[in-house]
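Engineer: Given next are the chains, with one letter for each unit.
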Amino acid sequence: MADFLSFTVIGVAVGAIYAIAASGLVVTYATSGIFNFAHGAVGMFAAFLYWQFRWDWNFPAPLAIFLVIFVFCPIFGALLERFVMRGLQNTMEITKLVVPIALLLLLTGSASWIWGDPIPETLRRFFGPDKKITIGDTFISWHHIIVLIVAVLMAAGLYVVLYKMRIGVNMRAVVDNPELTQLNGGRPVLAASFSWMIGTALAGLAGVLIGSLQNAAINNLALTLLIVDAYAAAIFGKLRSLTLTFVGAIVVGLSISYWNWLSDTGQKWTWLSGFRISIPVVLLVIVLILLPHERLRGAVVSRFKERFSVPTIPKAALWAGVLVLFFAAAVPIAQRKPEALLSTGLAFGIIALSLVLLTGYGGELNLAPLTFAGIGAVVAYQFEVNITKGHINESLSIWGLLLAAAVCALVGAIIALPALRLRGLYQGLVTFGFAIFVTNMVFKQRRTLHFNLPWYGDGEDFEINIFTGGGLFVPRPNWFGIDFRISNSNYMVFLAVVFALIGLGLVALRRSTYGRRLAAMKDSPAASATLGMSLVKMKLSVFALSSAIAGVGGVLYAAQQGASDENSWVITASLPLVLLTVVAGVGYVSGAFAGGILTGVFFVMLGDVFLKLSVDYSAFEWLFTDVVKDFFIFVGPAFAAISLATSPAGFLNDMFDNYRPLTSRRGLPLLSAWVVFQGLFYLWRITDGIGTWTFMLVSLGVALLLPAIAQVIRPDLYIDAKTLKQRREELPLELVGVDRPITAQDVKQADAALQLPVGVSDNDGRS
Amino acid sequence: MTAVNATTQPQAPSAQPMLEFDNVRAAYGSIEVIHGASLTIQEGSVFALLGPNGAGKSTMLKVCAGLLPLTGGEVRIAGVPVHRPSQVAVADDLARRGVCLIPEGKGIFPNLSVKDNLKMMTNAGKTVSQIEDVAYSQFPRLGERRRQMAGTLSGGEQQMLAMSRALATDPALLLLDELSMGLAPIIVQDLYQAVGQLAKLGVTILVVEQFARTVLGVANRAAIMVSGQVSKVGDPAELEHELEAAYLGGEL
Ligand SMILES: Nc1ncnc2c1ncn2[C@@H]1O[C@H](COP(=O)(O)OP(=O)(O)O)[C@@H](O)[C@H]1O
Ligand SMILES: [Mg+2]
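From first to last, the protein sequence lines are chains Z and X. Those letters in the first sequence? Residues 0 to 766, per numbering that gives the first Met the number 0, in order. Those letters in the second sequence? Residues 0 to 251, per numbering that gives the first Met the number 0, in order.
Some hints here could point you the wrong way.
To give a feel for the contact side, a few chain Z residues facing chain X, derived at Cβ under 10 Å [to be verified]:
{"id": "1", "residue": "129"}
{"id": "2", "residue": "130"}
{"id": "3", "residue": "133"}
{"id": "4", "residue": "165"}
{"id": "5", "residue": "169"}
In short, the hints are calculated from the structure, not lab data. Using N, Cα and C, we set each Cβ at its ideal position, and we do this for glycine too.
Bound conformation, chain Z alone (with noise of 0.2 Å):
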């Protein structure tokens, strides 16, 4: 009994930390329609920074809080809505919720910058971890009844703020009707503005009392992801309902305190022991499994509308072909460390070949697609020391690399089940979740498991010991009569080889009866299914296709690292991917490899420049390695990200929009010309005339010339293209007016469509 009650005030507090941070990300959706998916990383900043104060400088705490949760918060909100969140208000959906994640990278990355990483920090509980008071014989600590006391305290001052100040009403006016709201002379922005104050204020507070309440070291990634686990409460208020928060937070407190309880703190069912830190996200999937459908139909919906034409197949091999060449080219003259770079890009870039076809093609949203890619090593490697009985030296089977994408179909398939009601954010919550249970379950796994199966072995137990070691060992293969085990440089070859098969299937199955299906599911989900065709088969063999590349993409990944550990697929890993490739295009096989050669090569590299740099000028030693370097890779994939997000179809598209004048037929001397240039220039490389950089630098420089140098020689072609890229940016009619504003020009044309006579319905005409 006395257990009971205190794991139930132990239930109350955690579920009060939760409430506290499901309001505030409840308040800032509410007012401005964005899903802040930063709203754990803006806590576990919060928390970092009290450390700064209370531990690293000896303030007192209440100084320290206060300049916490009264000051920067607030500040930090403000500008936050000011320069993000108000850019967003008139932006594609997929960008709201792009721009969040962005966010929540720049300040995980930003936390890593600043406080080093992985160098966690301990915070403290309040009054010290041993102050605890007794109630009988149940003993309750200090801290928790502070948590306590404040929940309350700020659900009062929420309730004050909300229904009894003026600025309270203003905002709850502009969520009903922004016009009117200025009509009476209230002030949208200012009400924003105050919500995201009172939004990251939460957030700092909740990061506060959470990061101290686990009296250990902190470490951001984990921090952020407890606050998120508060989102669970906000999607049971629906986003919108304070009071459904509240209650849908103590109940997410609760299940973990009982947790706790029952399992003896982990002690008992140690194979289970992942599923506490689980439970708010498998409430979370329940709670949008269960959630009526209509009450999330009016929030963000996120649609991935193509506007480009696929590839013909024989131009898609062309590119294919060039591709691999390239990766051959590359082998005489890259040093081991580029290979290696470049092999890990190749493998990320197929594992975001999945997203090509899951969100390019299917519009269906995956915010984890390493985690498939690490249930697929995790099979491959159980398959080599189960089945096979193989060891680390031995090589990949195909069999071992077939069942891991037949498994990662299935997971695929079970995962579409819920996501076949949702959409958008929802969806992206559902793979979020997944992602964070799968990595608890099974990627952290330490227990070995036996089972006594009757046709396996010679009466030996099947044992799986996913990550015994806290590593995964994947061979490589050696197939073809060629040992990718010894050679990186064949490696890299063959994962290009992969990759471009993988992506020349893709266009081919863009192009085939399935699909057009799949684009026409995407377009209009409602329309599609008055057509007849079965949404949910689509769905589950999209979800179990898409999966299943992204299965054979971890395996290659695992047997290119050699040895890899849950690390390499948790899903803060995985967002970066995400958003890389939605940047660079995620509706072309192009989008997947610029998404994969950034995430696995470019911000490494830069990052390396920079300590070339400070080797040659070490007296600005410090300036090269610990800010400019570590801005590098801990900060830039989100700085690109936002800064990207503005370019809908991906930049690297208006890129390619440059060269495509040199493929015409007019351009094609042009092009050869460069070609035989950097074929010769090649080969005075590989008969060592140049040294490497040289090489890298002038090639790099030429092509990215080259669009330059064209139109220059030949105006031209450009003129042509202009009018060309002018057509191909017609937005299908029914899209005009959703995605951009109607121009005079879109009624002439939508006119000219119908065949009606000039002016009918032309303003203008008149006057």
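Start from chain Z and add chain X with the ligands according to the hints.
Structural biologist: Quick look at chain X with the ligands alone, frame taken from chain Z:
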């Protein structure tokens, strides 16, 4: 009463323009819907803007209340330009300075209680109790329902709540958009009675309606708007026939 007003108002020596539309152009996105409209409304008068659906009447009011930027021309209130062309909306400032637009159909916050709706009106400067006094004495039914969500009120009660802003915030310029839409005649009568009271107090009022008959009792001057342009200005009774022609012909 109105007949007297209609003839004396324009000649009154104190009368000067309260609201001027000077060759106004306005657009939604890049579709222009007001193509150079000009109107002058004298201080203290009740002016009716009539015209068929889609003529641009509501848009004229939005421009005047600062919800929509201009693409050409000028709107002056008491001689002062409201916004220069292409400037962002300034509706909140204008509302605080006494311009009150009751938009058509959706003049209330459905998810706020009646009381919170009234509280929103305090942004323009009055206190809650002042506003509640006026609203509840004018429309007692609102007082009985002060805790109810405004969205659950009947259509007439919602319009009363919306009109409360006009009555309680003491505006200098009142813009009313299709007050009568979808309401029973008896309620329309009530509402226009309130408009009449404000007119007597000297508030300048611009009412938009589709049919001239609705405003015959209150307006002392009127204009017809068709296809984004003002086609005729004159006495409300005179314009009634012209309006019929406009509806039948659709064009000028
Ligand atoms: N928010 C809007 N976006 C685009 N066009 C609009 C919008 N509101 C009105 N319009 C168009 O502007 C024109 C004038 O509309 P409006 O001023 O509401 O007419 P009225 O009030 O006279 O019925 C119409 O053609 C209408 O379709
Ligand atoms: Mg109208």
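Engineer: Hints first: check each against the structure and report whether it holds.
Structural biologist: Tested hints:
| no. | hint | verdict |
| --- | --- | --- |
| 1 | 129 | violated, 48 Å |
| 2 | 130 | violated, 43 Å |
| 3 | 133 | violated, 45 Å |
| 4 | 165 | holds, 6 Å |
| 5 | 169 | holds, 7 Å |
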